[in-house]
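Undergrad: Residues per chain, in single letters:
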Amino acid sequence: MSTHTISVNLENKPGALARVSQMFSRRGYNIQSLAVGPTEQAGISRLTLRVDCSEHSLEQIEKQIHKLVNVLRVVELRPDDSVERELALITVAVQQDKRGELLALTQATGARVADIGRDAITFEVVGRPDELEAFEELVRPFGVRDLARTGRIGLRRPSAGGRRPTPTARL
Amino acid sequence: MTKTTKMLGSDAILRCLEHEGVDVMFGIPGGAILPTYDAIARGTTVRHVLARHEQGAGHMAEGYARASGKVGVAMATSGPGATNLVTAIADAWMDSTPLVCITGQVRSDLIGTDAFQEVDITGITMPIVKHSWLVQDVRELPAVMKAAFHVARTGRQGPVLVDVAKDAQEAEIDFRYPDDVDLPGWKPPTKVHRPQIAEAARAILAAERPVIYAGGGVLNGDACDELRTLVEAADLPAVVTLMGKGCLPDSHPLNYGAPGMHGSKYANWALNKSDLVIAVGTRFDDRVTGKLSAFAPGARVIHFDIDAAEVGKIRHAEIPVVGPLKLALAELTKALREGGKPGHDAWLRQVEEWRRLFPYRYGKSGTMLKPQAAIEAARDLAASRTEDVLWTTGVGQHQMWAMQYVVCDKPRSFITSGGLGTMGYGIPAAIGAKAARPDATVVCIDGDGCFQMTGQELATAALERLPIVVVLINNGWLGMVRQWQEMFYAERFSETHLTHQVPDYAQLAEAYGCAGFTVRDEEELESALEAAFDAGRTAVVDVHCDPEEKCFPMVPAGAASVDVLEAPDEEGAIA
Chain A
0 MSTHTISVNL
10 ENKPGALARV
20 SQMFSRRGYN
30 IQSLAVGPTE
40 QAGISRLTLR
50 VDCSEHSLEQ
60 IEKQIHKLVN
70 VLRVVELRPD
80 DSVERELALI
90 TVAVQQDKRG
100 ELLALTQATG
110 ARVADIGRDA
120 ITFEVVGRPD
130 ELEAFEELVR
140 PFGVRDLART
150 GRIGLRRPSA
160 GGRRPTPTAR
170 L
Chain B
0 MTKTTKMLGS
10 DAILRCLEHE
20 GVDVMFGIPG
30 GAILPTYDAI
40 ARGTTVRHVL
50 ARHEQGAGHM
60 AEGYARASGK
70 VGVAMATSGP
80 GATNLVTAIA
90 DAWMDSTPLV
100 CITGQVRSDL
110 IGTDAFQEVD
120 ITGITMPIVK
130 HSWLVQDVRE
140 LPAVMKAAFH
150 VARTGRQGPV
160 LVDVAKDAQE
170 AEIDFRYPDD
180 VDLPGWKPPT
190 KVHRPQIAEA
200 ARAILAAERP
210 VIYAGGGVLN
220 GDACDELRTL
230 VEAADLPAVV
240 TLMGKGCLPD
250 SHPLNYGAPG
260 MHGSKYANWA
270 LNKSDLVIAV
280 GTRFDDRVTG
290 KLSAFAPGAR
300 VIHFDIDAAE
310 VGKIRHAEIP
320 VVGPLKLALA
330 ELTKALREGG
340 KPGHDAWLRQ
350 VEEWRRLFPY
360 RYGKSGTMLK
370 PQAAIEAARD
380 LAASRTEDVL
390 WTTGVGQHQM
400 WAMQYVVCDK
410 PRSFITSGGL
420 GTMGYGIPAA
430 IGAKAARPDA
440 TVVCIDGDGC
450 FQMTGQELAT
460 AALERLPIVV
470 VLINNGWLGM
480 VRQWQEMFYA
490 ERFSETHLTH
500 QVPDYAQLAE
510 AYGCAGFTVR
520 DEEELESALE
530 AAFDAGRTAV
540 VDVHCDPEEK
550 CFPMVPAGAA
560 SVDVLEAPDE
570 EGAIA
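As you go down the protein sequences, you meet chains A and B in turn. Residue 0 is where the first sequence starts when you use numbering that gives the first Met the number 0, and the numbers rise one by one after that. Residue 0 is where the second sequence starts when you use numbering that gives the first Met the number 0, and the numbers rise one by one after that.
Hints listed in this document are in silico derivations from the structure and should not be mistaken for laboratory results. All of these numbers come straight from a predicted model, not from anything done at the bench. Note that CB positions come from ideal geometry on N, CA and C, so glycine has one too. Each hint should be verified, as a subset may be incorrect.
To give an idea of the interface, some chain A residues facing chain B are shown, with a C-beta separation under 7 Å as derived from the structure [what the hints assert, rightly or not]: (1) Q21; (2) R25; (3) R26; (4) Q63; (5) V68; (6) N69; (7) V70; (8) L71; (9) R111.
Can you build the whole structure from these sequences, using the hints too?
TA: Structure, rendered in structure tokens:
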């Protein structure tokens, strides 16, 4: 078992997202995260999924998703040749006397302050998933009150060789 | 710009069916599909067969599709009408039967409000359809219908669902049936990869113990002639699954029949002891493989399939070949002919020896009629007829005996529920098959448990003048469950005794306007079957059979399929 990132281009049609996500539960695979949004082409959405499975299962998932009528393309994004980013919003509990300390600590991380309240600050962090996790660890001693993550999105690196990614479900 | 015609959505649905060449559909009206039934009353060339339960309509559409090779069409209303179709849709999904199901949906302004007879049928059926559409805007209807038929019949065939809101049926449209489909994500394979064919041919020529393992995909892929040519060109022994029965003539000398849980020992041994399994349009179902880790342990696998997702799903394929079987098998034969003569004569002699040693057999002792004898009598009668005979079955012991003893030499002559194992499939499927093939005699080998699940469709058969012959293997039990209880649950026959007391099936048949016969011994059997075949109307032959007869050979669930249990030896066991 290992975690894989799958990128799916699909027509933005009613039920299209449900058909993809249903495929995972139907075949007994658990989705760790799922992010969906528009692409450069009107009417086409990109779905980025993180899923825990074996290589054999991954091949099955890709082939099964590929069969869905609304799905245009399925590729695995391998860590070495793709760019992956995620956004987190983290509300950290902090009393006024500790505020300076927290802001100083987080300044070097590149996190932005999205909102400051009387006893809490909401940070906005964009980065690789491991950077988000590092930030969460950093502020945890203060007390994390709320956390929301978008789930990762990814694209293949243009620098990762000349070939376009081959859809794995090409058969 | 092609001319458009103003019409209602409901009429447009029928015009779409006519454009697709549909000649029969099966259904039941109700509130949300009323406008379309009103359009049927206004006129259409499509014959509507009125079923008595939507499940029946669904199985009729399946039987029609399987017998004809065309797309079956079923129609139902929203809510319970739609949910009653679900079993048939799941059945079609498992057996890759092309089906277009059209359901009425509540008005679009009521969708999502838990309105009367509202269910989310596209949601409910999502895991068991190739695709589905909810039509709320009448302008989408023609394109959706075009796409529905296209998706159902291309690639690996299967069911689709079109759910049409009542107001979309009532709205007016400038109708024009599109010439093309607009489905950028639907690209089933149309070609095969040549180098893979060459590799397959090399593997076959090099093999010492090759075997073809052919399934229902050969029928669906219209590749029966190509399979036969291949088998004969390279002298390849073939085993044929339940779903594939008929894709290679049963009486062909190289056809070794069905492998699997109730297949013959020789077919299972041919498959398991081979060094090269050539799988064609089949999916390594657990009922065929038995314990997977022990299945054909010494074999490499060539897997031909139209569906890439089936290749490597259960068993790794050393040589995958994805594409249309008709094309792939023809190419393979060509490659084999160029490559010289295969040398596996010793293997052919071995498999033939196994067939001689381990034929299907059953004991004749006891006073009650053996179910196998009833099926053999029906088979022999069918063989003496000049017209084609098509067979359907329910699910259970009688189905397995039908698989073992019925001889099908033509494609699409054996119609059964394989993947889902739907009891009650036989009678409605026979009615659908009869609608597709009015020239043929359609015989349903049924069980008494199955009969009582869909027997009300005898009314449909009688009133729609779609006569079928039902040979009821009546042992008074849910026989296959009883067999498992006897063998694996220490003879605790929990809730499986249906009895021979009620109903009186012959009387029930008469009540439905059909001919009814009761058979209690071998002497009555032949004349009753003959009378039923010649009745000119639907006939039910209720054959009271030995309830203790078990279905053998058997590979117990979870056992290696090479470890076949044979019928116990007894005095008078006959081949």
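Undergrad: Now tell me if each hint is right for this structure.
TA: Status of each hint after checking the structure:
| no. | hint | in the structure |
| --- | --- | --- |
| 1 | Q21 | holds, 5 Å |
| 2 | R25 | holds, 5 Å |
| 3 | R26 | violated, 9 Å |
| 4 | Q63 | holds, 5 Å |
| 5 | V68 | holds, 4 Å |
| 6 | N69 | holds, 5 Å |
| 7 | V70 | holds, 5 Å |
| 8 | L71 | holds, 5 Å |
| 9 | R111 | violated, 38 Å |
Going through the hint list in order, the structure does not satisfy hints 3 and 9.
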